[in-house]
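S.K.: Residues per chain are reported as follows:
There are 2 protein chains.
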Amino acid sequence: MDVFEIISVGNELLNGKTLNTNAHWLAKAITELGGFVRRCTVIRDDVEEISSAVRESMERGVDWLIVSGGLGPTYDDKTLQGLAKALHRELILDEDALKMVKKKYEEIVGHGLLKRVELTPARMKMATLPKGSKPLPNPLGTAPGVLLKEGRMNILCLPGVPAEMKSIFKESISPIIEERRKGFYHEKSVHITGIVESELAPLIEEVLKSHPSVYVKSHPKGRKEGVSKIEIQVTTTADDPSTALRRVEVALEQLTSIIIDQGGMVDEERMT
Amino acid sequence: MDVFEIISVGNELLNGKTLNTNAHWLAKAITELGGFVRRCTVIRDDVEEISSAVRESMERGVDWLIVSGGLGPTYDDKTLQGLAKALHRELILDEDALKMVKKKYEEIVGHGLLKRVELTPARMKMATLPKGSKPLPNPLGTAPGVLLKEGRMNILCLPGVPAEMKSIFKESISPIIEERRKGFYHEKSVHITGIVESELAPLIEEVLKSHPSVYVKSHPKGRKEGVSKIEIQVTTTADDPSTALRRVEVALEQLTSIIIDQGGMVDEERMT
Chain F
0 MDVFEIISVG NELLNGKTLN TNAHWLAKAI TELGGFVRRC TVIRDDVEEI SSAVRESMER
60 GVDWLIVSGG LGPTYDDKTL QGLAKALHRE LILDEDALKM VKKKYEEIVG HGLLKRVELT
120 PARMKMATLP KGSKPLPNPL GTAPGVLLKE GRMNILCLPG VPAEMKSIFK ESISPIIEER
180 RKGFYHEKSV HITGIVESEL APLIEEVLKS HPSVYVKSHP KGRKEGVSKI EIQVTTTADD
240 PSTALRRVEV ALEQLTSIII DQGGMVDEER MT
Chain H
0 MDVFEIISVG NELLNGKTLN TNAHWLAKAI TELGGFVRRC TVIRDDVEEI SSAVRESMER
60 GVDWLIVSGG LGPTYDDKTL QGLAKALHRE LILDEDALKM VKKKYEEIVG HGLLKRVELT
120 PARMKMATLP KGSKPLPNPL GTAPGVLLKE GRMNILCLPG VPAEMKSIFK ESISPIIEER
180 RKGFYHEKSV HITGIVESEL APLIEEVLKS HPSVYVKSHP KGRKEGVSKI EIQVTTTADD
240 PSTALRRVEV ALEQLTSIII DQGGMVDEER MT
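In order, the protein sequences belong to chains F and H. Under numbering that gives the first Met the number 0, the first residue of the first sequence carries the number 0, and numbering increases by one thereafter. Under numbering that gives the first Met the number 0, the first residue of the second sequence carries the number 0, and numbering increases by one thereafter.
Where hints are given, some of them may not hold.
[Unchecked claim] Straight line, CA to CA, 25 Å or less: simulated PhoX-like cross-link-like pairs of lysine-lysine:
1. H:K220 - F:K27
2. H:K101 - F:K101
3. H:K228 - F:K102
Since the hints were made in silico from the structure, they are not lab data.
Let the sequences and hints guide you as you build the complete structure.
M.R.: Now the structure itself:
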């Protein structure tokens, strides 16, 4: 299974202004494509921080490093500088990226939002990429995505604007991950009442002994009218979708029957 | 200003099931208390991962390390094991923590949700803390928070259940951070239209030259009816609240007047 790490770049994620929905969306998309997200790191707009975080991921060893944020035209968009530093590569003006940026500004001029396309330093910056990069078209914005390889590691940079991030990922990257797919992920959740989490713990351990390839997690959901509710999530990744489905179903069946034996009640949820 | 790092522990944060609202809430609370959040790391429920992430934060040097998640009774709650490993400390049954846990189960028995208080291994686990820890009362759940010192670094462990995390932070930690406060944070945002982000970039740089102590960030908010909208956020941290307020106001005034000169329009928002 391909191992992924995500780096989210942006001061607004660290001062509490912006909720990091990008990392959440990416983690879900990658998991559904059969990948394994090992770590997510949130750092500020700082060349040294970006460079260190990239190098730390490289040292841990990953198949994919996804960096979101910091590709725009303003002074605090520093992802490509940080990446170039981490990889000891030059930043060079990429002709294909420049064409993409130019085309976008022609569209903006076409909409009457700008008088003429002028390739200012701020705009050229979005086309100035670490040597060996491949720019990826951005269907919804001006800054292209960036894909490059360093050894066996694929590095993908995406803009921080959520719609742009998602559209580049879906158009340019999902098909590549899908093609490399070695695992199929499946999950199912149930809600239980009538049993507290500390009573549940040994029951889960019992089920895991006979089903070592599934993963079971309990999420306490608080009390309602004096009844404590717990969500139990069973997940697995298998070589094919039907094995994954079967494994989850069998483990969940055993778990729910033990819970009912112990006086708990189980509400099945629709599959998530 | 105190430097903070946040570590969020939980597989559910890395497989896309759960949005990391805890880190967002903590980052906002810490920023408002005058602290500086330098990094946030999301890792899975794994003793080695937890231990490595804690050691990495220690090596970078922080005043506060806040770890959320993984304090509960189930097999995959491993934060205290990981922390003990990172700090080379023994895990010992803490008498005060045990009293807190016992009291909580007596309340649960009182509500008729459990027949009697039995100190099972799963429950004792929540009171088994790295040597030298101080347990913190959890007003809304069973697992106590944990506070300990390692050199100059304060390490705080909070449960992953959002309501419990918040209540322990507010009751036990906010007052300590407040007392150590050396900086006052202030921010204000405006929305602008009629100018694109790449035109804005050099204007922001101009303002920053004369106001080096403020930080200006632009957030593109997409187009509505053909008009592109950008949010500009001006922030600073100063020794006292009125200096912080004045700095932001002065910088924002200069910036908006330049933007209007360039044909942009500015909508003031209420203070965020």
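S.K.: None of the hints should be skipped; say for each whether it holds.
M.R.: Hint-by-hint comparison with the structure:
{"no.": "1", "hint": "H:K220 - F:K27", "verdict": "holds, 24 Å"}
{"no.": "2", "hint": "H:K101 - F:K101", "verdict": "violated, 67 Å"}
{"no.": "3", "hint": "H:K228 - F:K102", "verdict": "holds, 20 Å"}
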